[in-house]
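With chain V's structure known, arrange chain A on it following the hints.
Listed in order, the protein sequences are those of chains V and A.
Using our numbering, the first residue of the first sequence is number 1, and each one after it goes up by one.
Using our numbering, the first residue of the second sequence is number 1, and each one after it goes up by one.
Take these hints with a grain of salt, some might be off.
For each label pair, taking beta carbons as the anchor points, the in silico distance ranges come out as [claimed, not checked]:
no. : chain 1 : residue 1 : chain 2 : residue 2 : range
1   : A       : S25       : V       : E125      : 40 to 50 Å
2   : V       : S89       : A       : M171      : 34 to 44 Å
3   : V       : G55       : A       : S92       : 32 to 42 Å
4   : V       : A23       : A       : A53       : 44 to 54 Å
5   : V       : R68       : A       : G143      : 17 to 27 Å
6   : A       : S92       : V       : A23       : 47 to 57 Å
Below are the DSS-like pairs computed for lysine-lysine, each with C-alpha atoms no more than 27 Å apart in a straight line [said to hold, decoys possible]:
no. : chain 1 : residue 1 : chain 2 : residue 2
7   : V       : K123      : A       : K108
8   : V       : K88       : A       : K10
9   : A       : K50       : V       : K88
10  : A       : K102      : A       : K55
11  : V       : K110      : A       : K168
12  : V       : K123      : A       : K102
It is worth saying that the hints were derived from the structure and are not from the lab.
Idealized CB from N, CA, C, for every residue including glycine.
Chain by chain, the residues run as shown.
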Amino acid sequence: MVMITGGAYQGKTAYVTREFGIAPEDIADGRSCDIASLSTARCISSYHELVRRLGADCTRFTEELCRRSPDAVIIIDEIGCGIVPMEKSERLWRENVGRCGCIIASHSEKVIRVVCGIPAFIKGERE
Amino acid sequence: MTTLVTGGSKCGKSSFAERILDGFSGRKIYIATMQPFGSDAFEAIERHRKMRAGKGFETIEKYTDIHEISLSGECAVLLECVGNLCANEMFSGGEIAAPADKIAEGIKQLSERAAELVIVTNQVGSDGISYSAGTAEYIRVMGEINRKIAGYADNVIECVYGIPVVLKGEMPC
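This is chain V alone, in the form it adopts within the complex (with noise of 0.2 Å):
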């Protein structure tokens, strides 16, 4: 597994489609793709979206993809790093992607940053 992660627009989604040869066409988008055909998806994109409508079962779903798709190049927005929201659901759901993250990352053999486009390899190497 791959997981490609940094703010958003950083270029995290163009990265994928140069390097890993994935068609725009096959990006599974988190915000609104079929959430059951998610297993056999090459790519998934705006994972943090996902995590929204996943809701509650967000961390067992994620488990579970890591363990049935290990090929699976996932991408995320890094959205932690602000104020803690004053509404309750805002808070659980940026917790729920920070928790979806870090399972993410420990499964994937190379984590990428991407800033300004550019790619930081914070975990696996490049080729």
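Just chain A now, with coordinates in the frame of chain V:
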């Protein structure tokens, strides 16, 4: 050795910070700065207590005035976290205080006395949202404190979804 561990929400900072002190055989002290107000705080405190259970930490609860802590003998200290400490100092009186020097100096005193000091802090300035004056000031003060601590820390490590990234010094474990 003084190590500052930073990162966002639920990014594995605490477990990484505890891991740094796993190999320390002497007395281990955990300085807890979160006040047990509200169900969220209570849940977080319980979660962290369970995580630390069996790891041999003595706990000191200190919500403000960190410089008042006196350490004796050879010990390792884990302070968690600067974000709560800063909020407690700023918002517990009538007027909003500016505690950057007080906190950074208080923690520096600990770093001079402890054999090992690990400080957990937060990155709070990267959500791009404009907040009210009090919260904006909190973000500014947190940035100032983090820069000051990073100045005297031997190591500064950022956790990204559980992956430690060295920003200064070297990987302490």
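Hints, one by one, checked against the model:
1. Distance hint check for A/S25 and V/E125: the Cβ-Cβ separation is about 34 Å, which falls outside the suggested range of 40 to 50 Å.
2. At about 36 Å, the CB distance of V/S89 to A/M171 agrees with the hint of 34 to 44 Å.
3. Between V/G55 and A/S92 the Cβ separation comes to about 35 Å, which falls inside the hinted range of 32 to 42 Å.
4. At about 49 Å, the CB distance of V/A23 to A/A53 agrees with the hint of 44 to 54 Å.
5. In this structure, V/R68 and A/G143 break the distance hint of 17 to 27 Å, their C-beta atoms being roughly 42 Å apart.
6. About 55 Å separates the C-beta atoms of A/S92 and V/A23, a value consistent with the hinted range of 47 to 57 Å.
7. Between V/K123 and A/K108, the direct Cα distance comes to roughly 32 Å. Violation of the 27 Å bound is thereby established for this hinted pair.
8. A distance of roughly 15 Å separates the Cα atoms of V/K88 and A/K10; the hinted pair therefore holds under the 27 Å criterion.
9. Proposed proximity of A/K50 and V/K88 is supported: the alpha carbons are some 23 Å apart, at most 27 Å.
10. For the hint linking A/K102 to A/K55, the alpha-carbon distance of about 30 Å lies beyond 27 Å, and the restraint is violated.
11. A hinted pair counts as satisfied when its Cα atoms are at most 27 Å apart, and V/K110 with A/K168 qualifies at roughly 22 Å.
12. Restraint check for V/K123 and A/K102: the C-alpha separation of about 37 Å exceeds 27 Å, so the hint is violated.
Going through the hint list in order, the structure does not satisfy hints 1, 5, 7, 10 and 12.
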